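Trainee: Residues 193 to 408 (the numbering used here) are what the sequence shown spells out, left to right.
Honestly, the hints are just simulated from the structure, not real lab data.
Nothing here was measured: the structure is a model prediction, and the numbers come from that model.
Beta carbons: idealized from backbone N, C-alpha and C, even for Gly.
Some hints here could point you the wrong way.
[As the list claims (entries may be wrong)] Computed spacing ranges between beta-carbons, pair by pair:
(1) M319 with G343: 16 to 22 Å
(2) E336 with A207: 21 to 27 Å
(3) M244 with E298: 21 to 27 Å
(4) A240 with E320: 40 to 46 Å
(5) E243 with D332: 39 to 45 Å
[As the list claims (entries may be wrong)] 16 Å max Cα-Cα, derived EDC-like pairs, lysine to aspartate or glutamate:
(6) K206 with D365
(7) K206 with D272
(8) K206 with D301
(9) K206 with E271
(10) K206 with E298
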Amino acid sequence: MRADTNTGSLHWAKAWMCVTFTRGLGPDEVFARCGADPERARLLDRDAASEMLPDDADGGPVSLLRAGRLGEWAFCVEEDGAIGFGEETLAELSRGTETYGVATTEGIDVFQYWRDGECVEYFEPGMEHSRSAPHGPWWDRVEEALGAHEGEGAGMAPVVALVLGHLGITLDDAVLAGAWPSLTLAEDDAPTAGPGGTYAGEGPVPPGASISWSVG
193 MRADTNTGSL HWAKAWMCVT FTRGLGPDEV FARCGADPER ARLLDRDAAS EMLPDDADGG
253 PVSLLRAGRL GEWAFCVEED GAIGFGEETL AELSRGTETY GVATTEGIDV FQYWRDGECV
313 EYFEPGMEHS RSAPHGPWWD RVEEALGAHE GEGAGMAPVV ALVLGHLGIT LDDAVLAGAW
373 PSLTLAEDDA PTAGPGGTYA GEGPVPPGAS ISWSVG
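Using the sequences and the hints, build the whole thing.
Mentor: Right, dumping it as structure tokens:
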């Protein structure tokens, strides 16, 4: 089944944002795997949740995480945040399951697919040299989706729409504007090492990640 994937209804996905979709988890487990205390979460709509962010960043970067479950899939959306972009967080989220991640930050866009703590597919759209090996099936799909909206200022919304359609769920502006469990998390409190302190992916390491390698 495919859900409505109208890019025009995904304004939240056009600008700086990070979103993950993880099979089988609930929002409490998503928060915990991101390094947050689920008991701090409050059920808030988008406008009320945005007021949780501090007015300044004197204490370091802080992200607003909003999570929920749609069918089999748990989502976690950060606007103006990038905790879900890091390989440590994705390794934790995908432990025992699978996670899709789409992020657009200042100067970089990324698609990632992780399974049971390992990076299966990673690339920056339009930059073929960034593709992880062995090559996965998502590159062609993403390039086609972005090409269909070239020049529209759609950002990564076409990619989010593509993933939503694949998963058969809807997370458009109206859905995200509703009340969902929400909390803030300092980036310093996010996971800092994957299982065993190693990077399990086969391809390029997401920019800015702190990596240690182990030899089996």
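Trainee: For the hint 39 to 45 Å, verify it against the beta carbon of E243 and that of D332.
Mentor: holds (41 Å)
Trainee: Starting from K206, check that the Cα of E298 is at most 16 Å away, please.
Mentor: holds (12 Å)
Trainee: For M319 and G343, compare the CB-CB distance with the range 16 to 22 Å and indicate the outcome.
Mentor: holds (19 Å)
Trainee: Can you tell me whether the CB distance of E336 to A207 sits inside 21 to 27 Å?
Mentor: Holds - the Cβ-Cβ distance for E336 and A207, about 22 Å, lies within 21 to 27 Å.
Trainee: Holds or violated: are the alpha carbons of K206 and D272 at most 16 Å from each other?
Mentor: Holds. K206 to D272 sits at ~11 Å (cutoff 16 Å).
Trainee: Quickly compare the C-alpha distance for K206 and D365 to 16 Å and report which way the hint goes.
Mentor: holds (11 Å)
Trainee: Could you say whether the range 40 to 46 Å given as a hint is met by the Cβ separation of A240 and E320?
Mentor: holds (42 Å)
Trainee: Is 21 to 27 Å a correct range for the gap between the Cβ atoms of M244 and E298?
Mentor: Because 22 Å falls inside the window, the suggested range holds.
Trainee: CA of K206 to CA of D301, is that 16 Å or under?
Mentor: Status holds; Cα separation ~11 Å.
Trainee: Check whether the Cα positions of K206 and E271 lie no farther apart than 16 Å.
Mentor: holds (10 Å)
Violated hints are absent here; each numbered hint is respected by the structure.
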